[in-house]
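Visitor: Chain by chain, the residues run as shown.
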Amino acid sequence: MKFLVCISNVPDTTTKITFTPDNKEFNKAGVQFVINPWDEYALTRAIELKEANPGSTVTVLNVGEADTEPNIRKALAIGADDAIRVNAAPKDAFFVAEQIAAIAKEGGYDVILMGKESIDYNGFQVHGMVGELLGIPTVAPAMKLDMSGTTATLEREIEGGKEIVQVNAPFVASCQQPMCEPRIPNMRGIMTARTKPLKVVAATGDAARTQVTEYALPPKKQGVKLIPAESAGDLIKLLRNEAKVI
Amino acid sequence: MSVLVVVECDKGEVKKSSLEVATYGAQLAAQLGTSATAIAVGEATDASLAKLGEQGITKVLYDKEPRLKDFVNNAYTKLIATAAQQEDAKVIVLANSNIGAAVGSRLSIRLQAALATNVVELPKTDGGQFTVKRGAFSGKAFSDVVLNGDRKIIAVKKNSIEAQHEAGKTAEVVAFSAQLGDADFADAPKQVVMQDQAGGILLPEAERVVSGGRGMKGPENWGLIEDLAKALGAATACSKPVSDVDWRPHHEHVGQTGITVSPNLYIACGISGAIQHLAGVNSSKVIVVINKDPEAPFFKAADYGIVGDVFDVLPKLTAAVKELD
Numbered sequence: 004m005k006f007l008v009c010i011s012n013v014p015d016t017t018t019k020i021t022f023t024p025d026n027k028e029f030n031k032a033g034v035q036f037v038i039n040p041w042d043e044y045a046l047t048r049a050i051e052l053k054e055a056n057p058g059s060t061v062t063v064l065n066v067g068e069a070d071t072e073p074n075i076r077k078a079l080a081i082g083a084d085d086a087i088r089v090n091a092a093p094k095d096a097f098f099v100a101e102q103i104a105a106i107a108k109e110g111g112y113d114v115i116l117m118g119k120e121s122i123d124y125n126g127f128q129v130h131g132m133v134g135e136l137l138g139i140p141t142v143a144p145a146m147k148l149d150m151s152g153t154t155a156t157l158e159r160e161i162e163g164g165k166e167i168v169q170v171n172a173p174f175v176a177s178c179q180q181p182m183c184e185p186r187i188p189n190m191r192g193i194m195t196a197r198t199k200p201l202k203v204v205a206a207t208g209d210a211a212r213t214q215v216t217e218y219a220l221p222p223k224k225q226g227v228k229l230i231p232a233e234s235a236g237d238l239i240k241l242l243r244n245e246a247k248v249i
Numbered sequence: 004m005s006v007l008v009v010v011e012c013d014k015g016e017v018k019k020s021s022l023e024v025a026t027y028g029a030q031l032a033a034q035l036g037t038s039a040t041a042i043a044v045g046e047a048t049d050a051s052l053a054k055l056g057e058q059g060i061t062k063v064l065y066d067k068e069p070r071l072k073d074f075v076n077n078a079y080t081k082l083i084a085t086a087a088q089q090e091d092a093k094v095i096v097l098a099n100s101n102i103g104a105a106v107g108s109r110l111s112i113r114l115q116a117a118l119a120t121n122v123v124e125l126p127k128t129d130g131g132q133f134t135v136k137r138g139a140f141s142g143k144a145f146s147d148v149v150l151n152g153d154r155k156i157i158a159v160k161k162n163s164i165e166a167q168h169e170a171g172k173t174a175e176v177v178a179f180s181a182q183l184g185d186a187d188f189a190d191a192p193k194q195v196v197m198q199d200q201a202g203g204i205l206l207p208e209a210e211r212v213v214s215g216g217r218g219m220k221g222p223e224n225w226g227l228i229e230d231l232a233k234a235l236g237a238a239t240a241c242s243k244p245v246s247d248v249d250w251r252p253h254h255e256h257v258g259q260t261g262i263t264v265s266p267n268l269y270i271a272c273g274i275s276g277a278i279q280h281l282a283g284v285n286s287s288k289v290i291v292v293i294n295k296d297p298e299a300p301f302f303k304a305a306d307y308g309i310v311g312d313v314f315d316v317l318p319k320l321t322a323a324v325k326e327l328d
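In order, the protein sequences belong to chains A and B.
All letters in the first sequence, in the order written, are residues 4 to 249 by our numbering.
All letters in the second sequence, in the order written, are residues 4 to 328 by our numbering.
FYI, nobody ran anything at the bench for these hints, they're computed from the structure.
All values reported here derive from a predicted model rather than from experimental measurement.
It is possible that part of the hints are untrue.
[Claimed, not checked] DSS-like, lysine-lysine: derived pairs with alpha carbons at most 27 Å apart:
id : chain 1 : residue 1 : chain 2 : residue 2
1  : A       : LYS223    : B       : LYS295
2  : A       : LYS224    : B       : LYS136
3  : B       : LYS136    : B       : LYS288
4  : B       : LYS93     : A       : LYS223
5  : B       : LYS319    : A       : LYS228
6  : B       : LYS288    : A       : LYS94
7  : B       : LYS233    : A       : LYS223
8  : A       : LYS240    : B       : LYS319
9  : B       : LYS67     : A       : LYS165
10 : A       : LYS165    : B       : LYS233
11 : B       : LYS325    : A       : LYS31
12 : A       : LYS94     : B       : LYS295
13 : B       : LYS136    : A       : LYS228
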């Protein structure tokens, strides 16, 4: 079984988001970048399934410029076998999906996994686009993934419940908790990752369908109105008569 | 040309988020000088679909194929694509739900459309450009995005548009068939398992949310959260540390790596307000924080606060809600 795991490089979850003075770009200064937390579920689950199915391989794919390589190496240290970096700044979800579809087609991957969404652009789009570009099923978002031969059984989250879905490889799944416990690299992994293959390839085309023109921060709150704990019930009156939300 | 609105239904009723989407679609159609048609998916009744007229929808297409009752990605994609072509829809509007995202992303390829998810307001369409405002950085920011090309797909964030109700107006419900066959249902679910929802209120759609953190000290104390939630008609939620230690199920985890909610009222009990948690709730209209630590960062993001012990404050709030008429 050949697994392709797509990872994106995102600001650490503790990052305070700021923008360049013209509000046209995210301000990267001083920001720590990590593997997108949702993608960690995809990566770890692929490695677990590889370990359970000898002869399988896990390839990590990132669409990004050279500054993403530390996180690609981290994915290799966690247990992926090799990596591909499409050397391009991601323009939009469609652009990224076209890159992934081209690599998946060329490499003949059976299972294409990624996180539910990236925590920076929050598109939740790439999975379905890749599935449609390749003409294969997509299961999104998946909370559980088991493989038996080339048949996968997945749990897909729906509002208020879950669906049990069975698909045959090749397929795409976008992953989220509680699929697995994401792994962190150990020392041996870090050492071996240095020599694992990381292939850099050029982008396929440059089509994008959307452009970000401006960013904005959410409006600031006016300040908190404190109610003494002894008269907590007054809060309920304020919520009804002042805030008018109950 | 027209605007096509995808309306999700469940147990015969149109979902709340789809009433918002219908309103958005009708307002957008008016802005573009055209009309809004809906395509219904899931289990619907003609009567509930006709009522979409109250949101400004003129016509509702409904395919009574029984296998469309549950979500099937390929079948739903084909159904909506067929409707979009028949109606010559230049804009397709859906909910930013698990169904909306799964179908919208496939449709964008099939229909060669530009897609924007997590959209929070009507687009700006002056000057020949089509610009939407959407949530980004997991609730920490917004971005303006230009959608290029002839066709657009917009997934509207829940609770960001208020559903309009113009009583008495009805939409025409029209039978529709996308000629779906067995192959379209190959990825149909084998089984659908619904959770036991306290009071039947789904967190992603809830207008009010009562949420607990580590300050609740253990799962055995969640009755206090549930009592207040029940009295308010609210859904229950929790912070990441709480779901990490399995005090509560992960689908209740609100935050940057959980779900993002934007209810009218969010009451945080014993949650300090880490930046990742704030990201998941900061688009809530009114935030109430109850914490015994006056230095808890959450107070800075709150509208109302009580510095006090949750075990003392929560029963008082529940009692006060019950005293309301």
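Visitor: Each hint needs a verdict: does it hold in this structure or not?
Guide: Each hint, compared with the structure:
1. Note on LYS223(A) and LYS295(B): the hinted pairing holds, with a Cα-Cα distance of about 24 Å set against a maximum of 27 Å.
2. Under the criterion of a C-alpha separation no larger than 27 Å, the hint pairing LYS224(A) with LYS136(B) is consistent with the structure, at around 20 Å.
3. For the suggested pair LYS136(B) and LYS288(B), the alpha carbons sit about 18 Å apart, so the restraint of at most 27 Å is met.
4. Taking the CA atoms of LYS93(B) and LYS223(A), the gap is near 36 Å; set against the 27 Å cutoff, the hint is violated.
5. Proximity of LYS319(B) to LYS228(A) is assessed by CA-CA distance (about 18 Å); at most 27 Å being required, the pair is judged to hold.
6. Distance check on the hinted pair: LYS288(B) and LYS94(A) sit about 32 Å apart at the alpha-carbon level, beyond 27 Å; violated.
7. For the proposed pair LYS233(B) and LYS223(A), the alpha carbon gap of about 30 Å is over 27 Å, so the pair is violated.
8. Between LYS240(A) and LYS319(B) the alpha-carbon distance is near 12 Å, which keeps this suggested pair within the 27 Å criterion.
9. Restraint check for LYS67(B) and LYS165(A): the C-alpha separation of about 23 Å stays at or below 27 Å, so the hint holds.
10. Taken as a hint, the LYS165(A) and LYS233(B) pair is honoured in the structure, with Cα atoms around 24 Å apart against an allowance of 27 Å.
11. The straight-line distance between the Cα atoms of LYS325(B) and LYS31(A) is roughly 50 Å, outside the 27 Å bound, and the hint therefore fails.
12. Straight-line distance between C-alpha atoms of LYS94(A) and LYS295(B) comes to about 46 Å, which puts the hinted pair past the 27 Å bound.
13. For the given pair, LYS136(B) sits about 30 Å from LYS228(A) by alpha-carbon distance, which is inconsistent with the 27 Å threshold.
Violation of the numbered hints given earlier is confined to hints 4, 6, 7, 11, 12 and 13; the remaining hints are satisfied by the structure.
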